[in-house]
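**Q** Here the protein sequences line up with chains A and B, keeping their order.
First residue of the first sequence? That's 1 in the numbering used here, and the numbers climb one at a time after it.
First residue of the second sequence? That's 446 in the numbering used here, and the numbers climb one at a time after it.
You may find that some hints are simply not true.
[Said to hold, decoys possible] Here are the simulated PhoX-like cross-link-like pairs (lysine-lysine), alpha carbons at most 25 Å apart as the crow flies: (1) A/Lys-96 - A/Lys-35; (2) A/Lys-96 - B/Lys-485; (3) A/Lys-136 - A/Lys-293; (4) A/Lys-35 - A/Lys-225; (5) A/Lys-136 - A/Lys-420; (6) B/Lys-485 - A/Lys-98.
[Unchecked claim] Chain A regions said to be covered by chain B (calculated; three or more residues, Cβ under 8 Å): (7) 95 to 108; (8) 145 to 155.
Quick caveat, the hints were computed from the structure, so don't treat them as lab data.
C-beta atoms are modelled at their ideal positions from N, C-alpha and C, and glycine is treated no differently.
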Amino acid sequence: MPVTIGLGFIVAVLQTAVYKTHDDRYEHLLRFFGKLFLINFAIGVVTGIVQEFQFGMNWAQYSAFVGNIFGPPLAIEGLLAFFMESTFLGIWIFGKGKVSNRIHLLSIWMVVLGSTLSAAFILVANTWMQNPVGYKIDQVTHQAVMTNFAAIVTNELFLTTLMHVLLASLITGSALALGIAFYQMKREGSKRVFALGARVALVVFFVASIAMALDGSAQGVVTVKDQPMKMAAAEALYNTKSGAPESLLTIGNLKDQVLFQITLPHVLSLLATNSWNGKVQGINQLQKADVKKYGPGNYVPTVWLEYWNFRIMAGLGAVIIAIAVWGMWLLWRKRLDSSKWFRRVAIYAIPLPFIANTTGWIFTETGRQPWIVYGVLRTSQGVTRNLSPWDVGFTFVGFIALYVVLGAVDLAMMLHYSRKELATINGELPPPDSSADQEIDSLVY
Amino acid sequence: MHVTGLQLFWFVLIGVLWSGYFFLEGFDFGVGMLLPVIAKGDLERRGLINAIGPIWDGNEVWLIVAGGATFAAFPLWYSTMFSAFYLALFVVLVALIVRGMSFEFRGLRTSTRWRRNWDRINFSGSLLASLIWGVAFADLLKGIPLNAQHAFTGNFFSLLQPYALLGGLTMVALFVLHGSTFLSLKTTGELHEKAVAAARRVAPIATLVLFAFLTWTYFVARSHGNSGAVPGFIPVTAFLLIAAVSWLVREHLNGWAFVFTGVAILALTITIFMTLYPNMITSSTAFSDSLSIATAASQRYTLNIMTIIAAVFTPFVLLYQGWTYWIFRKRITLPPTGAKVEA
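Excised from the complex, chain B in its bound form (with noise of 0.2 Å):
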């Protein structure tokens, strides 16, 4: 079937909410799994999460926007994408959720235990969170068993498959790049310094696995005949990036560093939703079952309704959002230690 403009239109529209979730929520993830690793007290842990503190719950908003945004305009996407990743998803509810409890518990009490534990949640829940995200787009990517309704015939492991593992992984090791070029940019002394020593560990390991990760969806497209959908320089220019993360770092350039890893997420995502096109699910079971644009796509009247409504709301958000990132441009700075630190 043909894909109308509007159809068109409001896959691009989805894809860079996803791609905004994951360029946003992923530092807020990598702060999260670097938490446990380079903070050493409960001070520096509180230096980490108050760095994300005012914004990743408008983050997160990103992802119910794209879910709605899905439903809207795409319900057949959003009701097969859904019920097939059912265990899935319910894992990552239950992270997103305990993940969202720790940053408002965890400081109601001063006992060091019960400020350790939320910490654990926290990395837990945003580790489990990028995996399975990775998983997810890699999977529609490859592909999941659909019959010739499109309806969803496997079962949880059917989505375990080795290359989408392997884009789990992928997302596991951007983020905790991103997160860690973000600290360094919010943070100063020690903090800064450790968020900086991060970034040079972990940059090389991203490195690999990303290009592991590329050249393996070079031949997943190549299979599904549609490899010219995606113009060799977009997953080209992600892979570039992340390599040059390790000097950018060394050379100190940490807002470069930052802007790279948040560019090559993009990239990414771009690849990803550009090797899709024109299916939304790739069917394992017969190529020609996978799910279309064009099938799962609401009507026309509905999209029109959509349309003028984002177009109509979607400056303002953007610019309040905008707005409350100036409002807290400021570092994060550590009291000097023996400092008295209230709840």
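Okay, chain A solo, but in the shape it has when bound (with noise of 0.2 Å):
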């Protein structure tokens, strides 16, 4: 999903250029990365299906629990977003020649709002996993039951992760497309167009890079207050502290001794506060007071897998700020194109956003156990109670399976295309309009 969402702003932003520029470079580039994106969307829109059922086949006991509040996000989502970005993709795909230039160009546009709107409702969803607002538990049926709709969607965790993601999207698709455009360079005949293709990434790539560093400090901000324990997790921070320091790296057992571990004084505390001397909670002092609020129970997450989780998306979103900036400095300097040691780096950086979204997400979605819903349902109270080990692991097993040939195929595809030179005549690119890629009349697949 990131990459649709981010690629598709950068298709949509190059098919804005040809409509203004006429110029053919955003031509090309339009036609190849629309491949591209093509090729991602597919994914997307099949996979998206699953979710839809996922939690009434799997989350049942949830599902019945939550559905008053959880349910309405998702019907929306399906109304809102699915049928707006299916629809006006089938005109983008087919209706090239049928409806006119402006309105091509409105619909790619409106299927990137409609991915935009997509991750919206569905965040409007997790987040109030995370952070349940707007409830109140029906006495009579034992669910939860929506008591005000505008605080839900207005949940303060919802905005700063809206944010979040939409900037990770299109980080994650500006990487992807200036990689390429790198690669593609090497060959002279194209090399004109990539390079412009490599401005455009850049660009989206560096602004979308910088947000992301403010951004992800509001994030830790809003994430303390909402679930402390989470964050003390994720900074492996055992005891409550003043001034906390940021530790960079730990080596230790991790119950709660440390051995080894290089930390920036304070920072902790002001990244988590904003004050120099804030008082950052421990995961000791947060179980203890869990067990009075809740009952006994061991309420502390797995604290490696956060600590690292965390640890590498936030070091690759480091590297990522770092990269931008050098991007942006060779380009003011007007050595982009020839500086060997980027285009290594921008071709090998590809994978870093998707290693992090995957990181973020597992910290995010781990460190809210054992809740399913933070401080309302446990996870194990969640599942579907009539099924066996054997129809879950069959579904499972099965689902990864799928999943992996799915994987390997978009890989496979998306590797050949992104690799194929663009053809060319004599070693010049021919106009875009060229017979070479006419359609017969409407057959499209």
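Mind docking these for me? Both chains are given alone in their own frames, and the hints should help you get the complex.
**A** Printed below as a string of structure tokens:
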């Protein structure tokens, strides 16, 4: 999904450039990246149905408990986002020549808007699990029921997370486009085209990275406030401290003994509370408070998982920002196209945002444990009761196998089409509207 | 328990969403199932696939929205139904996923084997999904083992009762017929002739299967003591429409044939929902353990919010979906044989 939003945005920008300038370089780029966008979109579309069903299939108790609150964002996502995405994508793919250029341009922007709305509503649902607001527990049915819809869609965690996810998507898509453009620049025939493509991607990449630096720290502050246990685990901070240091590297048994640690004094307090000597709560104190609040139990997520996933995510974020700044500096000094080192880095940086996204999600979802709805319902209370381990195991293995195959096909197709040379005639690119790629009327697939 | 107006409204709305889904994706599935049967050679198969190319994805969204609306408006229906049909729905998901991939990926390579394999996947996915939807809805009607807490107590095999299998068969037959009448409208020349021939062959089978299913449904409804909820003319209309298709196709009234198969599918879905009322899942353990609309529903606040949102946005969705059908109203014409076709 991050690729769909990020690459979709870049494709939409390219098409806008075609519309405004009629520069044939943009036209070539649009066709090239449009194809890659569609390959990815296909995966996003077909796997999108799974989520809509999975809650009821595997999490029946959870679905029955939260349906009053959790169902509406999913229904709205379908109504607002999925219809928009799929319908306008159909117009975008098949409508060239059938609708005006203006409508054709509008349709790709509608696809991007649809993807963004989809991300927004699924995050409304997700952040409600992380930080439940606007609800009460019905005493008769023992379900969580909605009391304030406005509070749910203005959940502070939702607003920061949405920003975080959208920026991550832009970074992922633009890093992909940047790396591929640099890969393609080695070919003389299409160099002028992809040099321009690299610039478009770099600008998006840079702006999104800088915004992410600001947003990341805001996200940290909100998480500390709403889910102190998660951040304490992320920092492996066992005891409450004022002016807490940020640890860069910890070796220890991660129970509560630290053997070796590199730290930046006061930085954790600064990040978590925006003040030099702010008090950050530790795992042991939070556990005690939770026992008092919710009864006996273990309320500490798996600390090493949180600690390392958080570090990988944030560390890659820092690397990404450094690459973006370096690239902009080269662009400013007019050395972007000649720097061999930057070319290498740009190509090998393609997977970094993917890794950061994945570790980020593992961090935030496992950091909520043992809760499925933070402070309200435990994960163990949410599962479907009528399933045998065989049922669950069978479908689990089935989905893994299917997704591995899908992933492999996707990757093979992406590699094929991102390495494919643009067709040249005598070493020159033909004008994009030459007969070489005229489709037979309406046979697109 | 008494069913409130708001709950009834959402029950009807979800019925409308499923009807729309079966109407629209019904012909997509039908085209998928006809793909290896009537089309010879890659070009003809491409012609068939492109007939539904711009719209199949939008059609499938009806299912997602039906699922989401069920979750929001009737959480207990959603959770009980989806967990009871666990393995069956897993198969549906896999079928829909690989079928969706087949559209996008078949054209990416020119190899004949590559394309044939994706077409086979499209066929199997369409067939399995049609079959399972039919089985599932017939199961809701006939009854599956639910205890007094409305929790499912059966297993995968309790879903495979004869009545439900007949329901699955009915869906498959209707969708194949619907797909062929759709294709007869969307194609020209030889493909058009083949679509018409397919419709003529399938129509009598579909008529027979539908008759058997509706008759059995009548007895199921009687045994639940609520056959009065369905005015007889709705299922009878479904039957008469399908019975008339043979004649319409012979008379080259292809537009009418498509309208008839479509309306028959709507009438069948309405029959299923009306027979269910006031329950959502019939319990085969004891009829009084059935999950009712009033028990399954979300509270008034949630239903109110959802009603406002649906009222504001649904017109836009219908408007632009209708508009795409208008844009792509032209028939598919294959290039003369021998012409070079780009991948």
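**Q** What are the numbers of the hints that this structure violates, sorted from low to high?
**A** When the structure is compared with the hints, numbers 2, 4, 5, 6 turn out to be violated.
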